[in-house]
Amino acid sequence: MDRGIGSLRDIYQRLRVEFGDRQWWPGDSAEEVVIGAILTQSVSWKNVEVAISRLKERDLLSLQAINHADASDIAPLIKSTRFYNEKARKLKNFARWLFANYEGSLDSMFLRELWELRKELLAVKGLGEETVDSILLYAGGKNVFVVDAYTMRIFSRLGLAQKEWRYQDYQGFFMNYVERDLKIYNDYHAQIVWLGHFYCRKTNPLCGQCPLLELCNFASLA
DNA sequence: GCCCAGGGGGCTC
DNA sequence: GAGCCCCATGGG
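Number 271 marks the last residue of the first sequence (our numbering); no jumps.
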């Protein structure tokens, strides 16, 4: 019943031995992290980098600039991130909301109590759980565990998650059993993404070279 | 040319 | 709440 404790620590240690310290989220500022968090929805980071540098070239890599710009001016710059029209609207939605409620200041926003703020952010159209938690953790330095598609895929294949688990269940699992430490929350998610990206994709899964091979149910079936 | 990717919203039942 | 479609580029 409590096999989460040892397993989650063991897995994390294995990943660190394999990948080193991945301390994460590329981005020069909190605003950049927020923008990146929205742009990376359903795309790999590589595609986001292109969009970020295009926004930068046009001086649109700030929430104030985004708030003043038209979505139609933003969209073409972020084409590489797919669903660009929707994402342009999402960026504007968030910027508009931030200026309406926190005078455009992420610092003020992050002064809010964590779970209250999480609720508020989830009410902003275009922000779902993963995006909100990424913002809280990587831009705000808040202790929330970020769950993504890789997390679900990997930990269900490892036999640690139940089939019916949803986002909240995964998050609860990690937050109950992983040491409540910002650096670990940060790095553990980064390790998972790294592992997922290189070893655990549907196309060309490098199962045979996975550092968790001996623990994985899926690999033994494949 | 085909398949799939670090998500989220809207709709249906 | 689950299951489906939509959005619509880029890489393997």
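Since the hints were made in silico from the structure, they are not lab data. Don't take each hint at face value.
[To be verified] Restricting the straight-line Cα-Cα distance to at most 27 Å, the calculated cross-link-like pairs of lysine-lysine (DSS-like) are:
| hint | residue 1 | residue 2 |
| --- | --- | --- |
| 1 | Lys232 | Lys191 |
| 2 | Lys95 | Lys212 |
| 3 | Lys95 | Lys128 |
| 4 | Lys168 | Lys251 |
| 5 | Lys105 | Lys128 |
| 6 | Lys174 | Lys141 |
| 7 | Lys212 | Lys105 |
| 8 | Lys105 | Lys168 |
| 9 | Lys168 | Lys191 |
| 10 | Lys139 | Lys174 |
| 11 | Lys212 | Lys141 |
| 12 | Lys191 | Lys174 |
| 13 | Lys141 | Lys128 |
| 14 | Lys141 | Lys105 |
| 15 | Lys105 | Lys95 |
| 16 | Lys168 | Lys139 |
| 17 | Lys95 | Lys174 |
| 18 | Lys232 | Lys128 |
| 19 | Lys191 | Lys139 |
| 20 | Lys128 | Lys212 |
| 21 | Lys251 | Lys141 |
| 22 | Lys168 | Lys141 |
| 23 | Lys128 | Lys191 |
| 24 | Lys139 | Lys128 |
Now for the hints, and whether the structure bears them out:
1. About 10 Å separates the Cα atoms of lysine 232 and lysine 191, which keeps this hinted pair within 27 Å; it holds.
2. With a C-alpha separation of about 31 Å, the suggested pairing of lysine 95 with lysine 212 is violated against the 27 Å cut-off.
3. Proposed proximity of lysine 95 and lysine 128 is supported: the alpha carbons are some 13 Å apart, at most 27 Å.
4. Simply put, lysine 168 and lysine 251 have alpha-carbon atoms about 33 Å apart, too far for the 27 Å limit, and the pair is violated.
5. Simply put, lysine 105 and lysine 128 have alpha-carbon atoms about 14 Å apart, close enough for the 27 Å limit, and the pair holds.
6. Proximity of lysine 174 to lysine 141 is assessed by CA-CA distance (about 10 Å); at most 27 Å being required, the pair is judged to hold.
7. In summary, the hint linking lysine 212 to lysine 105 is not supported, as the alpha carbons are separated by about 42 Å, beyond the 27 Å threshold.
8. For the hint pairing lysine 105 with lysine 168, the CA-to-CA distance comes to about 30 Å; that exceeds 27 Å, so the pair is violated.
9. About 14 Å separates the Cα atoms of lysine 168 and lysine 191, which keeps this hinted pair within 27 Å; it holds.
10. For a cut-off of 27 Å, the pair hint linking lysine 139 to lysine 174 stands: about 7 Å separates their Cα positions.
11. Under the criterion of a C-alpha separation no larger than 27 Å, the hint pairing lysine 212 with lysine 141 is inconsistent with the structure, at around 36 Å.
12. Between lysine 191 and lysine 174, the direct Cα distance comes to roughly 21 Å. Compliance with the 27 Å bound is thereby established for this hinted pair.
13. For a cut-off of 27 Å, the pair hint linking lysine 141 to lysine 128 stands: about 16 Å separates their Cα positions.
14. In summary, the hint linking lysine 141 to lysine 105 is supported, as the alpha carbons are separated by about 16 Å, within the 27 Å threshold.
15. A threshold of 27 Å between alpha carbons decides the hint, and for lysine 105 with lysine 95 the separation of about 16 Å falls inside it, so the pair holds.
16. Taking the CA atoms of lysine 168 and lysine 139, the gap is near 17 Å; set against the 27 Å cutoff, the hint holds.
17. With a C-alpha separation of about 25 Å, the suggested pairing of lysine 95 with lysine 174 holds against the 27 Å cut-off.
18. Taking the CA atoms of lysine 232 and lysine 128, the gap is near 33 Å; set against the 27 Å cutoff, the hint is violated.
19. With a C-alpha separation of about 22 Å, the suggested pairing of lysine 191 with lysine 139 holds against the 27 Å cut-off.
20. At most 27 Å may separate the alpha-carbon atoms for a hinted pair to count; lysine 128 and lysine 212 exceed this at roughly 35 Å.
21. A threshold of 27 Å between alpha carbons decides the hint, and for lysine 251 with lysine 141 the separation of about 33 Å lies outside it, so the pair is violated.
22. For the proposed pair lysine 168 and lysine 141, the alpha carbon gap of about 19 Å is at most 27 Å, so the pair holds.
23. About 30 Å separates the Cα atoms of lysine 128 and lysine 191, which puts this hinted pair outside 27 Å; it is violated.
24. The hinted pair formed by lysine 139 and lysine 128 meets the criterion: a straight-line CA distance of about 14 Å does not exceed 27 Å.
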